[in-house]
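Novice: Which chain is which? The protein sequence lines are V and P, in order. Okay, so the first sequence: first residue is 1 according to the UniProt record's numbering, each after it adds one. Okay, so the second sequence: first residue is 1 according to the UniProt record's numbering, each after it adds one.
Just so you know, not all the hints are guaranteed correct.
Here are the simulated BS3-like pairs of lysine-lysine, each with C-alpha atoms no more than 25 Å apart in a straight line [said to hold, decoys possible]:
id	chain 1	residue 1	chain 2	residue 2
1	P	Lys67	V	Lys75
2	V	Lys46	P	Lys159
3	P	Lys63	P	Lys78
4	P	Lys67	V	Lys67
5	P	Lys168	V	Lys60
6	V	Lys67	P	Lys164
7	P	Lys60	V	Lys67
8	P	Lys168	V	Lys46
9	V	Lys67	P	Lys78
10	V	Lys75	P	Lys78
11	V	Lys75	P	Lys169
12	P	Lys149	V	Lys60
13	V	Lys60	V	Lys38
14	P	Lys169	V	Lys46
15	P	Lys164	P	Lys135
16	V	Lys47	P	Lys149
17	V	Lys60	P	Lys135
18	V	Lys67	P	Lys159
19	P	Lys67	P	Lys87
20	P	Lys101	V	Lys47
21	V	Lys60	P	Lys78
22	P	Lys140	P	Lys101
23	V	Lys60	P	Lys140
24	V	Lys47	P	Lys159
25	P	Lys140	V	Lys38
26	V	Lys8	P	Lys85
27	V	Lys46	P	Lys149
28	V	Lys67	V	Lys46
29	V	Lys47	P	Lys168
30	P	Lys159	V	Lys8
31	V	Lys60	P	Lys164
32	P	Lys60	P	Lys29
Using C-beta positions, here's what the derived DEER-type ranges look like [what the hints assert, rightly or not]:
id	chain 1	residue 1	chain 2	residue 2	range
33	P	Ala68	V	Val28	50 to 58 Å
34	P	Asn151	V	Pro9	58 to 66 Å
35	V	Arg20	P	Trp70	33 to 41 Å
36	V	Pro7	P	Glu88	17 to 25 Å
37	P	Ala107	V	Pro9	31 to 39 Å
38	V	Ala34	P	Gln141	32 to 40 Å
39	P	Glu92	V	Val41	44 to 52 Å
40	V	Glu63	P	Ala115	47 to 55 Å
In short, the hints are calculated from the structure, not lab data. Note that beta-carbon positions come from the ideal geometry of N, C-alpha and C, so glycine has one too.
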Amino acid sequence: MAPEVLPKPRMRGLLARRLRNHMAVAFVLSLGVAALYKFRVADRRKKAYADFYRNYDVMKDFEEMRKAGIFQSVK
Amino acid sequence: MLATRVFSLVGKRAISTSVCVRAHESVVKSEDFSLSAYVDRRDHPLPEVAHVKHLSASQKALKEKEKASWSSLSMDEKVELYRIKFKESFAEMNRGSNEWKTVVGGAMFFIGFTALIIMWQKRHVYGPLPQSFDKEWVAKQTKRMLDMKVNPIQGLASKWDYEKNEWKK
Numbered sequence: 001m002a003p004e005v006l007p008k009p010r011m012r013g014l015l016a017r018r019l020r021n022h023m024a025v026a027f028v029l030s031l032g033v034a035a036l037y038k039f040r041v042a043d044r045r046k047k048a049y050a051d052f053y054r055n056y057d058v059m060k061d062f063e064e065m066r067k068a069g070i071f072q073s074v075k
Numbered sequence: 001m002l003a004t005r006v007f008s009l010v011g012k013r014a015i016s017t018s019v020c021v022r023a024h025e026s027v028v029k030s031e032d033f034s035l036s037a038y039v040d041r042r043d044h045p046l047p048e049v050a051h052v053k054h055l056s057a058s059q060k061a062l063k064e065k066e067k068a069s070w071s072s073l074s075m076d077e078k079v080e081l082y083r084i085k086f087k088e089s090f091a092e093m094n095r096g097s098n099e100w101k102t103v104v105g106g107a108m109f110f111i112g113f114t115a116l117i118i119m120w121q122k123r124h125v126y127g128p129l130p131q132s133f134d135k136e137w138v139a140k141q142t143k144r145m146l147d148m149k150v151n152p153i154q155g156l157a158s159k160w161d162y163e164k165n166e167w168k169k
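Let's have the full structure, built from the sequences with the hints guiding it.
Specialist: Here's what the structure looks like:
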């Protein structure tokens, strides 16, 4: 046995402390992931769609496709 | 003469009884595997049986001393009592090992061996790929997809520059 006396370790509340710490980390991580998703994926996609349709001319698009020859009903 | 005859009868009875009891003992005695076993487990900190079953003479003496006040026990005696009761300490039973290196190495070896098998299969078993995998076919296919403006917002056609007729930088 070691000559010096070790400090008495924590005897109680071990599970409670573990749960508390994990809750905090889980909360922070979830918020972080949600924020990252909102800004980098959701908002970016909404902006891409808005930008695409702002000045979208469907007839011009159709004419380009028709000239490229992909349709069977209209040449 | 009669007394000895009677005594020998009684003696015989006693002997045969004790023989029966002894025989019965070995039949009824529990096998080792049906009794609780000693285990070193984190989730079973105090097993039902001690680690050392058969104590030596000095250990028996120590167990007798344990019945008195414990402050009279020396440090070594306390450790000896601990080692009688338990095989490994928690620190010892929880120690890490290098087994993971064997596991990872073995897994990678067998994955590599599987790769060799697949290479052999590609060469000697599988037939040719369909024509839709040819470079020219894929080029014509991609051109048609761009003409149709497939996924023009975030997908394929959004990566094509229709003015310069090339992929966007």
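Novice: Now tell me if each hint is right for this structure.
Specialist: Results for each hint:
Between P:Lys67 and V:Lys75 the CA atoms are separated by roughly 106 Å; this puts the pair beyond 25 Å, and the hint is violated. In summary, the hint linking V:Lys46 to P:Lys159 is supported, as the alpha carbons are separated by about 18 Å, within the 25 Å threshold. Taking the CA atoms of P:Lys63 and P:Lys78, the gap is about 11 Å. The hint holds against a cut of 25 Å. Between P:Lys67 and V:Lys67 the alpha-carbon distance is near 103 Å, which puts this suggested pair outside the 25 Å criterion.
For the suggested pair P:Lys168 and V:Lys60, the alpha carbons sit about 21 Å apart, so the restraint of at most 25 Å is met. For the proposed pair V:Lys67 and P:Lys164, the alpha carbon gap of about 17 Å is at most 25 Å, so the pair holds. A hinted pair counts as satisfied when its Cα atoms are at most 25 Å apart, and P:Lys60 with V:Lys67 does not qualify at roughly 103 Å. Our distance criterion of 25 Å between C-alpha atoms is met by P:Lys168 and V:Lys46, whose separation comes to about 21 Å.
Taking the CA atoms of V:Lys67 and P:Lys78, the gap is near 95 Å; set against the 25 Å cutoff, the hint is violated. In summary, the hint linking V:Lys75 to P:Lys78 is not supported, as the alpha carbons are separated by about 98 Å, beyond the 25 Å threshold. With a CA separation close to 32 Å, the supplied pair V:Lys75 and P:Lys169 exceeds the 25 Å bound. For the hint pairing P:Lys149 with V:Lys60, the CA-to-CA distance comes to about 12 Å; that is within 25 Å, so the pair holds.
Under the criterion of a C-alpha separation no larger than 25 Å, the hint pairing V:Lys60 with V:Lys38 is inconsistent with the structure, at around 33 Å. Annotation: proposed proximity of P:Lys169 to V:Lys46 holds, straight-line Cα distance about 23 Å (limit 25 Å). The suggested pairing of P:Lys164 with P:Lys135 holds, with an alpha-carbon distance near 23 Å, which does not exceed 25 Å. At most 25 Å may separate the alpha-carbon atoms for a hinted pair to count; V:Lys47 and P:Lys149 meet this at roughly 19 Å.
This hinted pair does not check out: V:Lys60 and P:Lys135 have alpha carbons roughly 31 Å apart, beyond 25 Å. Simply put, V:Lys67 and P:Lys159 have alpha-carbon atoms about 21 Å apart, close enough for the 25 Å limit, and the pair holds. At most 25 Å may separate the alpha-carbon atoms for a hinted pair to count; P:Lys67 and P:Lys87 meet this at roughly 22 Å. Restraint check: the Cα-Cα separation between P:Lys101 and V:Lys47 comes to about 48 Å, which exceeds 25 Å; the hinted pair is violated.
Taken as a hint, the V:Lys60 and P:Lys78 pair is broken in the structure, with Cα atoms around 93 Å apart against an allowance of 25 Å. With a CA separation close to 49 Å, the supplied pair P:Lys140 and P:Lys101 exceeds the 25 Å bound. Distance hint between V:Lys60 and P:Lys140 is fulfilled; the C-alpha atoms sit about 23 Å from each other, no more than 25 Å. Using a Cα cut-off of 25 Å, the hinted pair V:Lys47 and P:Lys159 holds, with the two alpha carbons roughly 16 Å apart.
This hinted pair does not check out: P:Lys140 and V:Lys38 have alpha carbons roughly 38 Å apart, beyond 25 Å. Straight-line distance between C-alpha atoms of V:Lys8 and P:Lys85 comes to about 23 Å, which keeps the hinted pair within the 25 Å bound. About 19 Å separates the Cα atoms of V:Lys46 and P:Lys149, which keeps this hinted pair within 25 Å; it holds. This hinted pair does not check out: V:Lys67 and V:Lys46 have alpha carbons roughly 31 Å apart, beyond 25 Å.
For the given pair, V:Lys47 sits about 19 Å from P:Lys168 by alpha-carbon distance, which is consistent with the 25 Å threshold. Distance hint between P:Lys159 and V:Lys8 is unfulfilled; the C-alpha atoms sit about 65 Å from each other, more than 25 Å. Distance restraint check for V:Lys60 and P:Lys164: the Cα-Cα separation of roughly 18 Å lies within the 25 Å cut-off, and the hinted pair is therefore satisfied. Between P:Lys60 and P:Lys29 the alpha-carbon distance is near 24 Å, which keeps this suggested pair within the 25 Å criterion.
In this structure the hint that P:Ala68 and V:Val28 lie 50 to 58 Å apart at CB holds, the actual value being about 56 Å. For the pair P:Asn151 and V:Pro9, the supplied restraint of 58 to 66 Å holds, since their beta-carbon distance comes to about 60 Å. Restraint check, V:Arg20 to P:Trp70: a C-beta distance of roughly 38 Å satisfies the suggested window 33 to 41 Å. Between V:Pro7 and P:Glu88 the CB atoms are about 24 Å apart, so this pair conforms to the stated range of 17 to 25 Å.
For P:Ala107 and V:Pro9, the Cβ-Cβ distance of about 38 Å falls inside the hinted range of 31 to 39 Å, so the restraint holds. At roughly 39 Å, the beta-carbon separation of V:Ala34 and P:Gln141 lies within the given 32 to 40 Å, and the hint holds. Look at P:Glu92 against V:Val41: about 50 Å separates their beta carbons, and that is inside 44 to 52 Å. The supplied range of 47 to 55 Å is met by V:Glu63 and P:Ala115, whose beta-carbon atoms lie about 51 Å from each other.
Hint check: violations occur at hints 1, 4, 7, 9, 10, 11, 13, 17, 20, 21, 22, 25, 28 and 30; the rest are consistent with the structure.
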